[in-house]
Each structure stands twice: as C-alpha cells, then as structure tokens.
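Visitor: Listed below, chain by chain, are the residues.
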Amino acid sequence: MLATALLIAFSLVTLALLLSFIRLVKGPDIPDRILALDTLYINAIALLILAGLHFGSSLYFEAALLIAVMGFVGTVAFSKYLLRGDIME
Amino acid sequence: MLEWILSALIVIGAFFTLVGSIGLYKLPDFFMRLHGPTKATTLGVGAILTASVLYFSFKTDDISLHEVLITVFLFITAPISAHLMAKAALHIKLKRVGRTREPADH
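Top to bottom, those sequences are chains A and B.
Going by our numbering, the first sequence opens with residue 150, and the numbers climb by one from there.
Going by our numbering, the second sequence opens with residue 53, and the numbers climb by one from there.
For reference, chain B alone in the conformation it holds in the complex (with noise of 0.2 Å):
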C-alpha cells in the first residue's frame, strides 16, 4: 500500500516538473512563461519532497522532517523570485507577443 502512494506521488511530482518546463520551453512570451514553472515546478517538487518524507519516516521508523524544509523554503521564496522577475523584465520594458497586455499603471 505504502508503496503505492510513494510511486503515485513520485510519477506525479515528476510529470508536474516537466509540464512546467514544457511550459518554459514553448509559451512564446516572457510573462507567459513566468507562470509555467512556478506554479507546476514547485507542486512536482512538493509532491516528489512528500514522498520522501513518507519513504524515510516509514524505513527509519522515527518522522523525518528535514525535507519539510525544503518544502517550505521553496513555497516561500518561489512567489518572491517570479515577483522579482516579473518587476524586472516590466523595468527593461521587454517586447510582449499580441495578447500580453500593458500593466494599468506603468
């Protein structure tokens, strides 16, 4: 049974992680890309951390929570990193593709 959800949670985690970078590599405008790996990567990272807290709680029979961690850092600081960005390319007033529209007050 354990093993089940640990291979459900891992080929998950994995296939979120690559609809992200499948994202990154085919939406043809900056902004538009800024929203795929932020959102996918860090649920595919997530779902993949999960699983391995669940594995190395169940081998070593104590919780482990070190990966938690992790977990946390990136949901923290994924939002802040794409912010960044995002303030970044309207700063350097990047080309946008057709439907990308311009910010109200910039």
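Chain A with its partners taken away, still in its complex shape (with noise of 0.2 Å):
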C-alpha cells in the first residue's frame, strides 16, 4: 500500500519539477525564472522527503533543511538585485 502510493507520489513530484524546469528554460522574463527556481526547489524538498520514506531513513531532513534554507536566501537576494540594482546596500 505504502510503496504503491510512494510509487504514485514519485511520478507526480518528477512530474511537477518538470514542469517548473521547462517554465525555468522558457520563462519570458526574469521574474518568471526566479519563481520557477523557487518553485524548483521546493519541488525537490518534497522529493527528498518522500526519498526519505522511500528508504526509511531520516539522513534526508538535514538536506532537505539545506535546500529550504539556501532557496530562501538566493530568492530574497535575486528579488533584491531587480529592485535595487545591487544586493547588499
């Protein structure tokens, strides 16, 4: 039951960060890149929480936590460099 709806969970998250990806590559202007980017690694905390069901182990949270972290900071800075034209003032 578990490995059928992990089974089922993996195929729509790979999905959805192909879909963000394309939207990455495609995405008319700068704004839409850094939402697919964001959109991007959130995707990926969900795929490695769900890799964490996957193999019964908890060494995938500290990643995960990483990726939350990180993708925070580069959309903060991102959005500050198109308002301001610099990142630190």
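In case anyone wonders, no lab produced these hints; they're calculated from the structure.
Because the structure is a prediction, the values reported are computed rather than measured.
It is possible that some hints are incorrect.
[Stated by the list, open to error] Simulated crosslink set (BS3-like; lysine-lysine; CA at most 30 Å straight-line):
id, chain 1, residue 1, chain 2, residue 2
1, A, K229, B, K139
2, B, K147, A, K229
3, B, K111, A, K175
Join these two chains into a complex; the hints should help.
Guide: And the structure:
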C-alpha cells in the first residue's frame, strides 16, 4: 500500500519538477525564472522527503532543511537585485 | 490504518505539488503564475512532511519533530518570497495580460 502510494507520489512530483524546469528554461522574463527556481527547490524538498520515506532513513531531512534555507536566501537575493540593482546596500 | 493515512497524505501532497507546478506552467501572466506554486506547493509539501512526521514517530516509538522545522520555515518564507518577487515584477514594469489590473497606487 505504502509502496504503491510512494510510487505514485514519486511520479507526480517528478512531473512537477519537469514542468517547473520547462518554465525555468522558457520563462519570458527574469521574475518568471526566479519563481520557477523557487518552485523547483520546493519540489526538490518534497522529492527528498519522499526519498527519506522510501529508504526509511532520516538522513534526508538535513539536506531538505539546507535546501529550504539556501533557496529562500537565493530567492530574496535575486528579487533584491531586481529591485535595487544591488544585493547589499 | 496508519498505512492508509500515510498513503492518503502522501498522494494528496504529491497531487497538490503537481497542481502548483501545472499552474506555474500553464497560466498566461507572471502575476497569475505567482498564485499557483506559492499556495498549492506549500500545502503539498506540508502534507508530505506531516506523513513523514507520522511515519518516523511510529517507526521509532518517540515523537520525531524535526520535519516540523521545515514546515514552519516554508510556511514563514513562502509569503515573504512571493511578496518580494511581486515587488520586483512591479518595479521592472512587467507586461500584463488583459485581465490583470494595474495596482492602485503605482
């Protein structure tokens, strides 16, 4: 039961990763690309948590937490750069 | 019983993650696209993380709460990053599709 649910969830999240990657490549403007990158790392967190459930190991949470923190800092830095033309003032 | 709840949470979470990314892929305009992932994806990841909390709590017989850290962090930061991206898009005067309105004081 759980294995089947994990298989379905893996395919759905991988499709979500693929769609946001297409938007990252295609996205007509820079804010679209920032948003696609943001979505890409949130989907990567979901995929890592699913991998942790699949292998029954709690080793993957540290990686997911690191991706969450660094991805947020990256998104804020990109947006600040667009707003001000500079990251630190 | 636990396995049913876990499977339901996992599939619901993956479904909402996919809905967020479909919104990102299909909607015609940046301000509409911003709506999809920042709401649906946090819900999806939240459901998957809840499943993970339940699984590891019952597997090791003590409460495992460090997944909640990721949930709390995502729920705090998603509105902040969405706000900053919207501000940046307004600042560089991104072009809009017909139905997206001008902000009142801009």
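Visitor: It remains to establish, for every hint, whether it holds in the given structure.
Guide: Here is how each hint holds up against the structure:
no.: 1; hint: K229(A) <-> K139(B); in the structure: 9 Å, holds
no.: 2; hint: K147(B) <-> K229(A); in the structure: 20 Å, holds
no.: 3; hint: K111(B) <-> K175(A); in the structure: 43 Å, violated
Against the hints set out earlier in the document, a violation occurs for number 3 only.
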